[in-house]
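Number of protein chains: 4
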Amino acid sequence: MFPSRTYHDPLHGAITLEGSDPAEALLIALIDTPAFQRLRRIRQLGTASLTFHGAEGSRFTHSLGAMAVTRQIFDRLAKAHPELQPQRPLVLCAALLHDLGHGPFSHTGEDIFGGNHELWTRRILSESQPVRQRLDQFHPNLAADLQQVYLKKYPVPLVCQLISSQLDCDRLDYLMRDSYFTGASYGKLDLDRILMALNYEPQSQKLVVARKGLAAIEHYLVVRYFMYAQVYNHPKNIAASWVLEQALIRAKTQLSHLEADATVRAWLTQPCNQLPLAQYLAADDGVFSYHIQRWRESGDPVLADLCRRFLDRDLLKALDVTTLDNVKREILQQQTQQLLEQAGFAAAYYTGLRVALSRGYTLYQHGIELQTPAGLQEISEVSPLVQTLAQPFQRAWLLYPREIESDLLLLHHSL
Amino acid sequence: MFPSRTYHDPLHGAITLEGSDPAEALLIALIDTPAFQRLRRIRQLGTASLTFHGAEGSRFTHSLGAMAVTRQIFDRLAKAHPELQPQRPLVLCAALLHDLGHGPFSHTGEDIFGGNHELWTRRILSESQPVRQRLDQFHPNLAADLQQVYLKKYPVPLVCQLISSQLDCDRLDYLMRDSYFTGASYGKLDLDRILMALNYEPQSQKLVVARKGLAAIEHYLVVRYFMYAQVYNHPKNIAASWVLEQALIRAKTQLSHLEADATVRAWLTQPCNQLPLAQYLAADDGVFSYHIQRWRESGDPVLADLCRRFLDRDLLKALDVTTLDNVKREILQQQTQQLLEQAGFAAAYYTGLRVALSRGYTLYQHGIELQTPAGLQEISEVSPLVQTLAQPFQRAWLLYPREIESDLLLLHHSL
Amino acid sequence: MFPSRTYHDPLHGAITLEGSDPAEALLIALIDTPAFQRLRRIRQLGTASLTFHGAEGSRFTHSLGAMAVTRQIFDRLAKAHPELQPQRPLVLCAALLHDLGHGPFSHTGEDIFGGNHELWTRRILSESQPVRQRLDQFHPNLAADLQQVYLKKYPVPLVCQLISSQLDCDRLDYLMRDSYFTGASYGKLDLDRILMALNYEPQSQKLVVARKGLAAIEHYLVVRYFMYAQVYNHPKNIAASWVLEQALIRAKTQLSHLEADATVRAWLTQPCNQLPLAQYLAADDGVFSYHIQRWRESGDPVLADLCRRFLDRDLLKALDVTTLDNVKREILQQQTQQLLEQAGFAAAYYTGLRVALSRGYTLYQHGIELQTPAGLQEISEVSPLVQTLAQPFQRAWLLYPREIESDLLLLHHSL
Amino acid sequence: MFPSRTYHDPLHGAITLEGSDPAEALLIALIDTPAFQRLRRIRQLGTASLTFHGAEGSRFTHSLGAMAVTRQIFDRLAKAHPELQPQRPLVLCAALLHDLGHGPFSHTGEDIFGGNHELWTRRILSESQPVRQRLDQFHPNLAADLQQVYLKKYPVPLVCQLISSQLDCDRLDYLMRDSYFTGASYGKLDLDRILMALNYEPQSQKLVVARKGLAAIEHYLVVRYFMYAQVYNHPKNIAASWVLEQALIRAKTQLSHLEADATVRAWLTQPCNQLPLAQYLAADDGVFSYHIQRWRESGDPVLADLCRRFLDRDLLKALDVTTLDNVKREILQQQTQQLLEQAGFAAAYYTGLRVALSRGYTLYQHGIELQTPAGLQEISEVSPLVQTLAQPFQRAWLLYPREIESDLLLLHHSL
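Chains as they are written, first to last, in our numbering: chain A, 4 to 418; chain B, 4 to 418; chain C, 4 to 418; chain D, 4 to 418.
Warning: the hint list may mix true and false statements.
Copies of one chain are not kept apart here, so a pair can be met inside one copy or by any two copies together.
Within a straight-line C-alpha distance of at most 25 Å, the following computed DMTMM-like cross-link-like pairs (lysine to aspartate or glutamate) qualify [stated by the list, open to error]:
(1) Lys239 / Glu21
(2) Lys156 / Glu204
(3) Lys331 / Asp173
(4) Lys320 / Asp24
(5) Lys215 / Glu21
(6) Lys320 / Asp78
(7) Lys209 / Glu333
(8) Lys320 / Glu21
(9) Lys239 / Asp24
(10) Lys215 / Asp323
(11) Lys156 / Glu333
(12) Lys215 / Asp35
(13) Lys82 / Asp24
(14) Lys82 / Glu21
(15) Lys215 / Glu408
(16) Lys82 / Asp308
(17) Lys209 / Asp264
(18) Lys255 / Glu21
(19) Lys215 / Asp328
(20) Lys156 / Glu21
(21) Lys82 / Glu344
(22) Lys191 / Asp173
Keep in mind that the hints were calculated from the coordinates and are not lab data. Keep in mind that this is a model prediction, so the values were computed, not measured.
Kindly generate the complete structure, drawing on both the sequences and the hints.
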């Protein structure tokens, strides 16, 4: 019999995995694989800690949390619907491993390298021996079922919904966690009430929301909107991602003259999703951060400056141009490029237009269904609040270095 | 006039620095120096996140927090004692910068490399241009005063005590922060009551504790004891430090055959405290972690295995030998070495005896003085609880790899 | 010099009143008056603890909290705008005393007795000697200024707004407090961000919201909506108020045969707002609860049963009739009355229709103004979320005793 | 099938009782009895809210919480030891009902009236029809078993220990709850770690503590010590109880001239433990508070003044005489009486000596046993911290009215 293991989590308290329960023993074994331990070296929020200093947590931590939330929700549903019990190992594994494929700088990195973490999660499950062996030992179909879940094709919709939907355990954990660590106390979710709001509908085998739980779900969607508007799409965060991205774009152009190990060379020259598994797994935040530290001393002044800015947090500034129309944005951007060239900057790396959409709810992935006397109804049809949250709130910024600030602001005022 | 800046902290809420206040504008400028930003790349608790997954925060975060606590305490004291007001810039800078000299893996790294972060804090203050210039611009004596504070020679004892004493703001922040992030909820300090317990005694210019605040201070010391016993000296944490240390010791012996950049070579070959400033500042957790990742693929099997164990968290195990006398510990260690050699291990790297002392209170640094009708009294003379906490609680562990566990446990039982 | 005093509050931590500050010494003196101490005997949420067991806190507790929030906000504004400083005593007193006029069962009691707590606050300020003397001793105009503030006629709008507006400190405290004590964790406000969102506009002397604080205020309004929809207008809470109200209505009709003291007789026979001051102040939750306990043993079976139901929490049930039109509601109510009469109930006391409006925002009291590049703008014109919250969400319930439940549900289904 | 019911608790979150579980359906039915609902009208901490304004919660609230903690601990133990399962209904009922016998002003009232709430809990169980019937319907032995548990004679020691021991669920809930509501944030217990520390030892059928859980239990005992020293035995709290007690003592002497209902007359003239059940249950905090409000207007000036002091919180003051020997205390008390008589006070009611013992641990009730390699050991034999906490810390105060303060302090200084 395997020993139990307890993770003490700031948000969820003690998360105990019972070694005597085969499914939970499997989770322990999966956590102990190199591929999972690697998530300790990838931050949950990419570059966000440059803006919200507390956002230093890793995907490892979030993955444990997502599993803990999933287990809590699933066990409650399965108590009322014992027919769900056989899905438990699959559900718990799917929750634990859902971010296994994340690479350097998480979502920021996906934008930069063109990778897809969901695809990589599936590749790792299938190709990484330590992970695959443990799954196969538990049940020969488990790995295949996990692929189905991640592809949203698993025949029991509830399982897919718990893992990835408008109301999945991934979001529940990261909204709670990110809001806590970024000091955004409005992000406190009422997990108890959300839990009590969730039902299983045996006919459709779906996860649905009880009518009396509407408010808890509305609140969750409001928090989601706020977190996007205030944290994930914060202009400083967008500026930090930009500087990182430009540094890597520049590095690519200079690669032949740069110090770089084989992993980084592969990442900068090959399509991300086609990297060999070993090269993919060899990369993490630290590997790239290390190279950025080295390149700060490189002979290329543009690259050296971009790396310095990223490391010393001397980021670009962001001018809110949301209210400008496209023509004016275009004009302003051209003028900014001219200003930069006059000031001796390699303009393309130092200015750009960024548009962010924040919304609390999208109909993507089937949405959220509410149990009403009239049958299941899309939540946005019932709730005016959700309808409002389903509208995208767009904001746009022009990025620029502080060195040209006064000139740029003059231009902006004269538009 | 400079703009204000707000850091949203999970523990302390909004920490606002007012640009209109020259002292706080200086703090903003100091935070923006490369030397301070570097603290983002050094974890507060070294290797502890391998044991307590939430312990992923940096020295940057803690330094902001320590400054925030100091400001809160100082401003309260200075309201009642306006003569303290001129010390404010010094106190706030001293709090913000107190950890500036920390290097890779914080205290774990000090043990490994033989460095002294306090010495380095003073060197950086004096030698790092961006930091030094900002201090000098504010006041020509500020840098020298800071040196005095860190050397505990500054003529106003209160200032030294707030920064480094048995009851300093550093400890207040880290106990709150570490307990929160390690999920040790018993570590919640009653900051309000501690604040109200602290007084300034104008005659001696000392920080003292009001009689009615005794309980709040007793509780703080109890928490300190628990955090040492349960977190900082957790056997898994001790094992993680050991593996890291052995990897670096081994790397030193193999250095001529290893890939390593100039910084790492310098750190592994020169006495830490004599490194050139630039080499000291060039190192951080990431630089060493990166090398450990490279060395995992090195041709030296011992080094490669130690690096793998550290990265994949396949750590040594710890056998509690607290109740064994020295003779028996010695015997057991020798037998362990034999077992290891038989099993093909390079024994010196894979076993060791570690002793940890946990105590809530020491008389070091003058202790804590309580205001009583009979004058100032050492707190341990008044409180039986503190007297108990002043005793060191010793625990000892024998480290070994899981591969020899069953044989070792047999030996242990037969002792 | 007066001693300081500290109230340790579950929500706000230590609330210290400095005896050395004349305004805060006045607050201490006001708290110590019998009229203010009486608020300890009036629950913040009337009958709500019958539905949310934690809602047991008093108006005394909330009044301290509202003062603490006000002080925090005011002191921050006055730091940036020292010309506000002279308003401090007025603002703090107005916050502390804003609920002084509440009577038995707070708002529930106002509905029952037809009283107006704002009118009574003003009467107590003017007529209650201990309160009046302390105010007059501090400044001869203070009592008159307080009247102006409560009448929203005081010439500095900011002062009135802090005390009573869409964004006043009263609401900030009670939303935080009530959500905490009712276990509605979605009610956690981000007080730090709200504080930072609030500005003073010197020209108009108004409290306004900074553009970058929009999200914090949106969130506060969302919480307000949820608290109304989920807590204040919870059908069980509405049912509890109904039973209390009917018991008192019945008692009025039977008063000549009942045991009752002079205070209760006065309250049940005179228009509330015309009671003599002493009779008003002599009443509190306990006085009426005591009589309800006595009347439980009275000879009138209707009164005895209503009192028993209230005390033993054998409340009415609530059928949601929100989706029924007025005609159907009317029909159902008549049928319910018939059912009750057949079952031997005094129908008028045992059934009723209750409609509740929940909204997060109303334009009443000038609304909330946002600072934008285009000048001050009504928040609902800028925020689609607030616009949605400004719509009233109506719900309606038919109350009935569980004894007729099965028959009533049949009728309802057949409608 | 019965519907489920959820109580949203500030401390424990959602406490759901499942109607489909017969034991939990019984709990719902017991909560709905008049005897249990009566606990809503008895405050957990008697007069403490006069000192700690947040301490307004009722025995009802605490009883739900104690049941929730018990269920969490029991269910964890029973998962590992399924042979415990049959004890579940008994354990849950015993936890829920453990305070059923509390009377007006809880423990303060016990001191005043000489009642014993444990005796009354047993009497109510046996004599109160609605309670008794529900128990008997569930199982004919349940009421008798409950008696055995409360008498600590039930054959499974674990059951008795969970309900009443040095480490029972009652204490776990009230320490958490009281510390929260009195704003004593050092009282935060690490419930997760305590839970994980508790084991069941099948041989002895005892609740024991795992060796690795020692720190969590030490911390719990430290918190207990602090709560006694700082909250329960706070001198203002002791003064408040004194004033209440003297008012009732005086009322007893004047009873023939006073307005009082039959219940209050019975309580003031008969030995509390011999009251008829109906008279015992008819009393609560409100009934006595109401009489105190009436007696404030009584013709007896001593009674009127004592009642006024209690209601308006014009309490006695407390002079710390801990360091005085018995002879000096005696002298001071006599001198105080003289001062009072000279000032026209009925001295016996206005001064008294009060001694309070605070300790974190007593060996009473078998203590706490730790699992060690050497077998079960008393925790105080293993832990120096607990040994210190087992010493009683004594403090003594002389109570007096503020009117004689200056004279008394002169006398005190001259002793």
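Hint by hint, which ones does this structure get wrong, listed from lowest number up?
3, 6, 7, 11, 16, 17, 18, 20 and 21
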